[in-house]
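Same order as they appear, the protein sequences are chains D and F. Going by this note's numbering, the first sequence opens with residue 178, and the numbers climb by one from there. Going by this note's numbering, the second sequence opens with residue 15, and the numbers climb by one from there.
Hints were generated in silico from the structure; no laboratory data involved. Treat the hints with caution; some may be incorrect.
Below, simulated DSS-like cross-link-like pairs (lysine-lysine); rule was C-alpha separation at most 30 Å, straight line [claimed, not checked]:
| hint | chain 1 | residue 1 | chain 2 | residue 2 |
| --- | --- | --- | --- | --- |
| 1 | F | LYS65 | D | LYS476 |
| 2 | D | LYS367 | D | LYS334 |
| 3 | D | LYS367 | F | LYS312 |
| 4 | D | LYS475 | D | LYS411 |
| 5 | D | LYS402 | D | LYS367 |
| 6 | F | LYS64 | D | LYS513 |
| 7 | D | LYS185 | F | LYS69 |
| 8 | F | LYS90 | F | LYS124 |
| 9 | D | LYS334 | D | LYS476 |
| 10 | F | LYS69 | D | LYS209 |
| 11 | F | LYS90 | D | LYS402 |
If you anchor each label on the Cβ, the simulated ranges turn out as follows [unchecked claim]:
| hint | chain 1 | residue 1 | chain 2 | residue 2 | range |
| --- | --- | --- | --- | --- | --- |
| 12 | F | MET422 | D | MET515 | 49 to 59 Å |
| 13 | D | ALA202 | F | GLU165 | 42 to 52 Å |
| 14 | F | SER275 | D | GLU409 | 33 to 43 Å |
Note that the structure is a prediction, hence the values are computed from the model and not measured. Positions of the beta carbon are idealized from the N, C-alpha and C atoms, including for glycine.
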Amino acid sequence: MAQPQMRKPVEYFLDNKKYLHPKLAANYGNWKYHDRPRPGVLHHVAHSGDQVWSVRAGTQRQMDVHTIRLLCDIADKFAEGRVRFTIRSNIEYIVSDEAKVAPLIAELEKNGFPVGGTGNSVSMVAHTQGWLHCDIPGTDASGVVKSMMDALFDDFKNEEMPNRVRLSTSCCEINCGGQADIAVVIQHTKPPKINHDLVANVCERPAVVARCPVAAIRPALVNGKPSLEVDEKKCICCGACYPPCPPMQINDPEHSKLAIWVGGKNSNARSKPTFHKMVAAGLPNNAPRWPEVNAIVKKILDTYKADARPWERMADWIERIGWPRFFEKTGLPFTKYMIDDWRGSRYNLNASAHVRF
Amino acid sequence: MAKQPHATPMLDELEKGPWPSFVTGLKRLAKDKDYVVDLLGHLEHSYETKKGYWKGGTVGVFGYGGGVIPRFTEIKDENGEPRFKDAAEFHTIRIMPAPGMHYDTDTLRKFCDIWDKYGSGLIALHGQSGDIMMQGCTTENVQKAWDEINEMGFDMGGAGPAVRTAMSCVGAARCEQSCYDEALAHQKIINQFLDDIHRPALPYKFKFKFSGCGNDCMNAIQRADMAVIGTWRDNMSTDEALAKQWFAKHGLNELINDVVSMCPTRAIQLKDTKDVRKDAHVSSVAVNDSQSLEIDNKDCVRCMHCINVMTGALGPGKDKGATILVGGHSHLKIGATMGTVVVPFMDLKKEEDYEQMVELAQNIIDFFAENALEHERTGEMIERIGLVNFLEGIGVEIDANMVTNPRMNPYVRTDGWDEEVAKINAKKAAA
């Protein structure tokens with residue numbers, strides 16, 4: 178029997194010009210300055226004299242088609258049928274008539290989309306797929322994020338932080354959510370439990386051995402079958418072996434905990450970009466609302482808000498006050514697990530007499 | 015009307031509170047779709063047991079080797095049959111949005127119609143990879159949905175050991191800080207590497223990200239194998255009217271504390287206007303009748319801070335282009351690494367400039383494909399072989415902008431020193 182005719186894909190990557198709001202297309206590369214007339218609104222002025230107002234609203238990121246159609250209806254009514262999304266899943270409507278800004282905001286809020294996320298606000302959390310779709314998740318980022326954004330709702334809608342605050346959440350230590358001022362990341366605490374019946378059939382054993390950052394995995398014969406074994410004294414519980422070999426089950430309902438990291442900064446503004454640092458761990462994976470995680474995130478944010486100077490990002494603030502005072506002010510315990518012992522670790526130790534009293 | 019919903023007491027808790035709820039969206043879809051009824055049951059089971067239950071597999075579309083993320087349920091009954099049988103397959107299709115994630119509503123509605131017809135009706139805008147994530151589709155429907163999406167003019171994103179979907183900031187479309195045409199760079203790079211996106215054959219993933227200035231809104235330095243960060247070589251631009259307007263509103267304390275004192279290289283000083291230096295590399299702007307900001311552009315590192323504070327009053331210069339860094343990636347396996355400068359400045363003004371950037375990218379990918387170990391990112395490869403070997407491999411000259419400081423240990427064989435110095439001197443003489 179003849180194979181059905183398959184359609185060959187058309188490979189190309191598109192220009193964005195036809196999707197741009199007409200005023201953005203007309204002033205492409207020719208903007209002069211911007212300001213923020215109110216939280217959630219950016220006002221851009223072009224050298225041509227054209228002006229646009231961008232209204233930013235939070236979304237739930239994974240959206241049902243009814244929600245997307247509703248967002249489209251709003252765009253057709255107020256924003257000349259164009260929208261764009263930010264890297265943090267906020268939607269932006271661009272309007273060229275200032276008179277439309279207030280009614281657009283009212284329409285968005287009436288439909289449950291908070292307007293904010295600009296300037297010195299806490300923007301929506303960049304996050305990962307979690308239990309909804311990922312094959313290796315330790316938690317459900319969508320749920321963590323929903324509970325977190327409920328708690329930070331006013332901080333999203335207002336610009337009352339010292340500088341912008343960017344959050345992320347990741348369902349495993351691969352940290353797909355990315356670096357952030359505050360990041361919530363799964364931290365496994367026990368070595369993988371190996372299903373020796375499956376390893377030989379499912380896993381390419383040398384590849385799994387090669388994945389381990391600390392060379393704790395070696396091939397072994399278990400119950401007469403080729404399998405793998407883990408030197409549990411060496412194992413750092415990172416979970417790197419799990420994606421290439423699902424029988425090495427790293428996720429554990431009780432022992433996969435959440436950790437909180439602070440001070441990641443993508444921007445080059447002032448200091449060079451920084452990676453976030455671990456400041457709390459061992460938090461329970463307490464679905465569906467993760468109250469323990471939210472309490473610490475809130476505490477860190479409240480302390481930052483009260484103590485940092487204008488324009489200090491989380492990392493800048495901590496650089497000024499020092500880590501001992503960060504832990505003192507937030508009430509978080511500084512434990513031995515926060516003293517780096519990975520490669521290059523001594524660069525993270527204090528090699529000076531710089532001590533604040 | 016769909017079948018009876020499963021009880022979801024835990025997910026119901028995520029309908030509470032003011033932030034938009036993805037659970038409410040799923041429940042709305044579940045009114046019409048048995049598929050989503052079972053998806054909610056599946057997800058509730060994860061919440062109850064605190065584990066994920068999707069395993070990968072092999073699902074694709076005709077002509078491509080990647081871009082579909084296959085998911086099969088692992089929640090089985092005693093006979094090995096899926097317990098949530100209508101959601102036994104939940105594949106995702108990654109689709110590349112246009113640069114800057116701009117849409118017209120026609121396009122979004124068409125995506126909705128296609129996904130309503132063939133998929134779960136759940137679309138993530140966007141995944142951390144920068145893709146439109148069409149989430150939840152049966153094996154049977156993947157090809158049908160893809161054919162219609164591709165007919166709309168959209169192509170599939172990357173997955174696995176391939177060039178991945180790229181990301182670019184809003185940039186020139188709506189930002190005065192944009193230093194090059196981010197969307198053009200993005201488009202040219204992706205069109206160059208379509209084959210490497212759709213037919214995974216690299217040692218591991220390779221990501222491009224494009225940010226129009228040092229604010230790096232795309233997190234490119236932290237996350238991209240090749241980060242293109244807008245910058246400029248000449249003096250910062252200034253606008254006296256906007257500077258005076260800013261000063262009138264914010265005053266001297268903010269000017270000192272938030273602008274002058276926060277410059278990381280102390281390149282800005284507040285001076286009496288009559289004392290401002292007239293050097294060619296100095297920018298200055300009056301903030302009131304007697305005082306001016308004086309910026310020594312030789313000391314400025316283009317960090318963007320003062321421009322962020324005094325938008326419009328201060329701005330990038332006119333001789334624009336990009337700094338290119340290579341080797342950013344997240345933790346696994348050696349720990350997170352930032353990108354390293356490999357091109358301090360690349361002109362990005364004319365069409366040929368963009369071709370030159372594409373050529374550099376091609377050289378880097380070729381070298382990566384030849385020299386990286388399996389599952390090794392560029393940052394890890396550079397750490398293993400050293401930056402100098404990498405630069406020689408891609409044909410890029412060394413530059414002191416590539417280091418924070420010169421080496422701090424003597425463990426290097428320097429018997430080629432005289433030849434190196436002679437080469438550098440010869441080049442200086444030829445310039």
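Status of each hint after checking the structure:
1. A hinted pair counts as satisfied when its Cα atoms are at most 30 Å apart, and LYS65 of chain F with LYS476 of chain D qualifies at roughly 28 Å.
2. Annotation: proposed proximity of LYS367 of chain D to LYS334 of chain D is violated, straight-line Cα distance about 40 Å (limit 30 Å).
3. At most 30 Å may separate the alpha-carbon atoms for a hinted pair to count; LYS367 of chain D and LYS312 of chain F exceed this at roughly 52 Å.
4. Taken as a hint, the LYS475 of chain D and LYS411 of chain D pair is broken in the structure, with Cα atoms around 35 Å apart against an allowance of 30 Å.
5. Distance check on the hinted pair: LYS402 of chain D and LYS367 of chain D sit about 24 Å apart at the alpha-carbon level, within 30 Å; holds.
6. Of the pairs offered as hints, the one joining LYS64 of chain F and LYS513 of chain D holds, with about 28 Å between alpha carbons and a cut-off of 30 Å not exceeded.
7. This hinted pair checks out: LYS185 of chain D and LYS69 of chain F have alpha carbons roughly 28 Å apart, not beyond 30 Å.
8. With a C-alpha separation of about 35 Å, the suggested pairing of LYS90 of chain F with LYS124 of chain F is violated against the 30 Å cut-off.
9. A threshold of 30 Å between alpha carbons decides the hint, and for LYS334 of chain D with LYS476 of chain D the separation of about 19 Å falls inside it, so the pair holds.
10. At most 30 Å may separate the alpha-carbon atoms for a hinted pair to count; LYS69 of chain F and LYS209 of chain D exceed this at roughly 50 Å.
11. For the hint linking LYS90 of chain F to LYS402 of chain D, the alpha-carbon distance of about 25 Å falls within 30 Å, and the restraint holds.
12. Distance hint check for MET422 of chain F and MET515 of chain D: the Cβ-Cβ separation is about 25 Å, which falls outside the suggested range of 49 to 59 Å.
13. In this structure the hint that ALA202 of chain D and GLU165 of chain F lie 42 to 52 Å apart at CB is violated, the actual value being about 24 Å.
14. Remark: the range hint 33 to 43 Å for SER275 of chain F to GLU409 of chain D is contradicted by a beta-carbon distance near 51 Å.
In this structure, the earlier hints numbered 2, 3, 4, 8, 10, 12, 13, 14 are contradicted, and the remaining ones agree with it.
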